[in-house]
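Here the protein sequences line up with chains A and B, keeping their order.
Last residue of the first sequence? That's 503 in the working numbering, and every number before it is there in order.
Last residue of the second sequence? That's 1246 in the working numbering, and every number before it is there in order.
Among the hints, a few may not be true.
No more than 30 angstroms apart at the CA atoms, straight line, and that leaves these computed lysine-lysine pairs for DSSO-like [said to hold, decoys possible]: (1) A:Lys141 with B:Lys1018; (2) A:Lys293 with B:Lys1067; (3) A:Lys16 with A:Lys88; (4) B:Lys1067 with A:Lys306; (5) A:Lys306 with A:Lys141; (6) B:Lys1242 with A:Lys94; (7) B:Lys1129 with B:Lys1140; (8) A:Lys368 with A:Lys166; (9) A:Lys293 with B:Lys1140; (10) B:Lys1129 with A:Lys306; (11) A:Lys83 with B:Lys1242; (12) B:Lys1051 with A:Lys293; (13) B:Lys1242 with A:Lys9; (14) A:Lys166 with B:Lys1018; (15) A:Lys166 with A:Lys306; (16) A:Lys166 with A:Lys140; (17) B:Lys1067 with A:Lys143; (18) A:Lys66 with A:Lys293; (19) A:Lys293 with A:Lys141; (20) B:Lys1129 with A:Lys293; (21) A:Lys16 with A:Lys293; (22) B:Lys1018 with A:Lys306; (23) B:Lys1206 with B:Lys1140; (24) A:Lys293 with A:Lys166; (25) B:Lys1051 with A:Lys306; (26) A:Lys166 with A:Lys451; (27) B:Lys1140 with A:Lys140; (28) B:Lys1018 with A:Lys293; (29) A:Lys88 with B:Lys1242.
Restraint ranges, calculated between C-beta atoms of paired labels, are given here [claimed, not checked]: (30) A:Arg434 with B:Lys1140: 42 to 50 angstroms; (31) A:Ala321 with B:Ile1190: 51 to 59 angstroms; (32) B:Leu1224 with A:Val162: 52 to 60 angstroms; (33) B:Ile1190 with A:Pro107: 55 to 63 angstroms; (34) B:Gln1003 with A:Ser288: 35 to 43 angstroms.
For the chain B half of the interface with chain A, some residues (derived, Cβ under 10 angstroms), not all of them [as the list claims (entries may be wrong)]: (35) Phe1041; (36) Asp1044; (37) Gly1106; (38) Gln1125; (39) Glu1161; (40) Thr1244.
Keep in mind that the hints were calculated from the coordinates and are not lab data.
Glycine included, C-beta positions come from ideal geometry on N, C-alpha and C.
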Amino acid sequence: MIIGSRPTKFQVVVDKNQCMLCGRCVENCSYNVFRMEPEGIITNTRNCVACHRCISQCPRDAISIKERPCDYRSHPVWTAQIKENIFKQAESGKILLGGMGNAGQYPILFDHLVLDACQVTNPSIDPLREPMELRTYIGKKPKQLEFIQTPEEDTSLVTELVPNLKLETPIMIGHMSYGAISLNAHKAMAKAVSEIGTFMGTGEGGLHEALYPYQNNMIVQVASGRFGVDVNYLERGAAIEIKIGQGAKPGIGGHLPGEKVCADVSCTRMIPEGSDAISPAPHHDIYSIEDLKQLVLSLKEATEWKKPVFVKIAAVHNVAAIAAGIARSGADAVVIDGFRGGTGAAPSVFRDHVGIPIEAAVAAVDAKLRKQGIRNEVSIIASGGIRQSADVAKAICLGADAVYIGTAALVAMGCRVCGTCYRGLCSWGIATQRPDLVTRLNPDEAANNVKNLIDAWTLELAELMGAAGINSIESLRGNRDRLRGYMLDQSMLDVLDVNAIGA
Amino acid sequence: MTQITIDAAGIHYTPLNKQIRQAVRDGASEIILNNIMGQRFIGDGLTGNVKITVNGVPGGDLGMFMKGPTIEVFGNADHAPGNTMDEGTIIIHGASGDATGHSMRGGKVFIRDDIGYRGGIHMKQYMDKRPVLVIGGSAKAFLGEYMAGGLVIMFRLSDDEPYAEMGLASGIHGGEIFIRGTVEDWTLGIGSNAQPATSEDLERIKPYILEFSSYYNIDPTSLLNNSFTRIAPVSARPFAGKYTWE
Ligand code: SF4
Ligand code: SF4
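Please construct the entire structure, taking both the sequences and the accompanying hints into account.
Structure, rendered in structure tokens:
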């Protein structure tokens, strides 16, 4: 009790002159901030997480929310957040858990990279008039193609091609599990990707029956917990992804608390209702690259070599060497998840302090694989912190074949990045299993929003490429010439392998 | 009832597995594999009702993701037989390597002799799927670590000392482990608890004792009359108290 209560994070005010007492805020706030009393709407400001559901539903714009209405003595080192974290840990003795992505104040490298545009010597290309090739194939490509010619002058390919995923846009949706997010959220994204001709990940929570119609656009995940993994699941996916690590929490496993394992989640994960779903940090059959190779091959054998197998790792210091090992493990793609990757719940010390930005990781991996002459043996998928089409273009210039988005897709469905997904009370029906909240998300409308977002980014990508005089995504990939570093020091420019502006 | 024999001498596992699948598709009910020497992934992802006899030493991940078949191995097996297996039975007349029964979801694995490290790790269960791992010999460290369901039974047939390998059932949050005789206290990992098995417990494992004995021609009487230690989770939520919210 010595620490006492802390200042509220937000202050919620209902303008009595505007409010018509419709009570929608009371209904909509899943955090119990509002109460209807005879004298008007009463607020319990302390509960507010700034999910903005109330504001979005108030017909009279009567609600305003202010951040941090009470200041501590300002201090550049001992910030309010640092102090409050100490208060909580001093009281509880426990690990601090947070949601969504890295909340640390690191410079965003994407914002220190600028794209190129043609002026006179190379003409730019008008995407309205000229075809732009945004189709991308994920998977191994042969070093060279060999043909034979029959006496009848027929030419046929003798090189055996391995299965690739065909993407109509280099933007996919990364893995968020059913359990962490709601079924309606999954359905919405699945519908969107199948309409666009791209893919999404199932996450490690298995594949719900309701997603079977979209299975040709789903990448199924095999994590250390092996939840929901059986041969039917593997066969349903268009590709299989082995999750080794994740950008939000490199080096640690996943943990879905028992209270989120409702009947439906329990059946897709194939574990008893209410039981904790623990994915340990390592896969216990993978202690080396050789073991990883064994799992890659066993997945290929189990599915008769018909599906590409991806390996996802968190972006960490030695990422290039790790990716080179993965490339040699027989994997078809390496997914690199940067330290801004989102999550339902992660110890905040990991979320904010472990790993490296995706920009540097992709550049380092691409450079290493090229140097070793094996870049064509594996595709690179960049994820963790892709916020806009420019980030997609920059990630591709740095060496990615395609990107995964996560948080951006959730924001397209209404998420306000309030970061309290772990509480299971998401007022937008996204990160929750509570039936009344889940129904708030209309899967068809949300699918439309996600589709619009990806369509819009794809259009922007085509425009950016056209401006740079490039008409195919292949020519953008790894094209450092189209990037320049702005206000980056030489060591960073070296890692990214880009020149400074003006050079 | 068609029986097919494949001579696996010198064949790589991919063509071998293709032949096995083809035989199953053609309706074989029994497949005999001779001269197996290290081929991995035998029966990987295989479904159906077939019996596969393996003469030799299969490589890693025998019966991985398997759903239904019975595999009987006359020899030792490499690591992780029964990995993420779904249904069916694996009977090994010998020893097996690390991660035996890793993440098993259903079915039964019997090993006559010893197994390596991390046996039964992360086994889980769901509804009628309750995997069973029966070990005739002993297991190295980390047996039943992170176990989320299922049943591990270990007889330690050639050893009467208390079981003493580190990390036994650490992080266990479901399922149960039976070990013949006693277990040294320090052996137990975080979250596990050991008690002498009750007569009801023994009644529950009796069918597996009988099944094990029948596969290896062992008289079950002494096993049935022995005392066992039962290791079970302290809580189904071992990490529930570890976190506070930001
Ligand atoms: S928690 Fe969300 S809905 Fe409730 S008051 Fe705060 S912003 Fe409004
Ligand atoms: S998904 Fe929901 S709970 Fe999570 S950050 Fe977005 S709005 Fe908040």
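Evaluation of the provided hints:
1. A:Lys141 with B:Lys1018: Satisfied, since the Cα-Cα distance of roughly 24 angstroms is no more than 30 angstroms.
2. A:Lys293 with B:Lys1067: Within the cut-off at roughly 23 angstroms; holds.
3. A:Lys16 with A:Lys88: 35 angstroms, violated
4. B:Lys1067 with A:Lys306: With Cα atoms ~19 angstroms apart, lysine 1067 of chain B and lysine 306 of chain A stay inside 30 angstroms; holds.
5. A:Lys306 with A:Lys141: Cα-Cα ~15 angstroms, so holds.
6. B:Lys1242 with A:Lys94: Satisfied, since the Cα-Cα distance of roughly 6 angstroms is no more than 30 angstroms.
7. B:Lys1129 with B:Lys1140: It holds: about 26 angstroms lies between the C-alpha atoms, which stays within 30 angstroms.
8. A:Lys368 with A:Lys166: Answer holds: lysine 368 of chain A to lysine 166 of chain A is near 25 angstroms, not above 30 angstroms.
9. A:Lys293 with B:Lys1140: The hint holds at about 24 angstroms.
10. B:Lys1129 with A:Lys306: 28 angstroms, holds
11. A:Lys83 with B:Lys1242: 20 angstroms, holds
12. B:Lys1051 with A:Lys293: 28 angstroms, holds
13. B:Lys1242 with A:Lys9: 24 angstroms, holds
14. A:Lys166 with B:Lys1018: Status holds; Cα separation ~27 angstroms.
15. A:Lys166 with A:Lys306: Answer holds: lysine 166 of chain A to lysine 306 of chain A is near 14 angstroms, not above 30 angstroms.
16. A:Lys166 with A:Lys140: 12 angstroms, holds
17. B:Lys1067 with A:Lys143: Roughly 37 angstroms between the alpha carbons, so the hint for lysine 1067 of chain B and lysine 143 of chain A is violated.
18. A:Lys66 with A:Lys293: Status violated; Cα separation ~52 angstroms.
19. A:Lys293 with A:Lys141: 19 angstroms, holds
20. B:Lys1129 with A:Lys293: 29 angstroms, holds
21. A:Lys16 with A:Lys293: 65 angstroms, violated
22. B:Lys1018 with A:Lys306: Between lysine 1018 of chain B and lysine 306 of chain A the Cα gap is close to 13 angstroms, so the pair holds against 30 angstroms.
23. B:Lys1206 with B:Lys1140: 24 angstroms, holds
24. A:Lys293 with A:Lys166: The hint holds at about 24 angstroms.
25. B:Lys1051 with A:Lys306: Within the cut-off at roughly 26 angstroms; holds.
26. A:Lys166 with A:Lys451: This hinted pair holds, its Cα atoms lying about 17 angstroms apart.
27. B:Lys1140 with A:Lys140: The given pair, whose Cα atoms are some 39 angstroms apart, is violated under the 30 angstroms limit.
28. B:Lys1018 with A:Lys293: 20 angstroms, holds
29. A:Lys88 with B:Lys1242: Holds, because 13 angstroms separates the two Cα atoms, which is no more than 30 angstroms.
30. A:Arg434 with B:Lys1140: 42 to 50 angstroms: Given about 44 angstroms between the Cβ atoms, the range holds.
31. A:Ala321 with B:Ile1190: 51 to 59 angstroms: 33 angstroms, violated
32. B:Leu1224 with A:Val162: 52 to 60 angstroms: 54 angstroms, holds
33. B:Ile1190 with A:Pro107: 55 to 63 angstroms: 40 angstroms, violated
34. B:Gln1003 with A:Ser288: 35 to 43 angstroms: 39 angstroms, holds
35. Phe1041: 4 angstroms, holds
36. Asp1044: This interface hint holds because 4 angstroms falls under the 10 angstroms limit.
37. Gly1106: It holds, given that the least Cβ distance between glycine 1106 of chain B and chain A is near 9 angstroms, below 10 angstroms.
38. Gln1125: 7 angstroms, holds
39. Glu1161: 27 angstroms, violated
40. Thr1244: 4 angstroms, holds
In summary, the structure is inconsistent with hints 3, 17, 18, 21, 27, 31, 33, 39 from the numbered list given earlier, while agreeing with the others.
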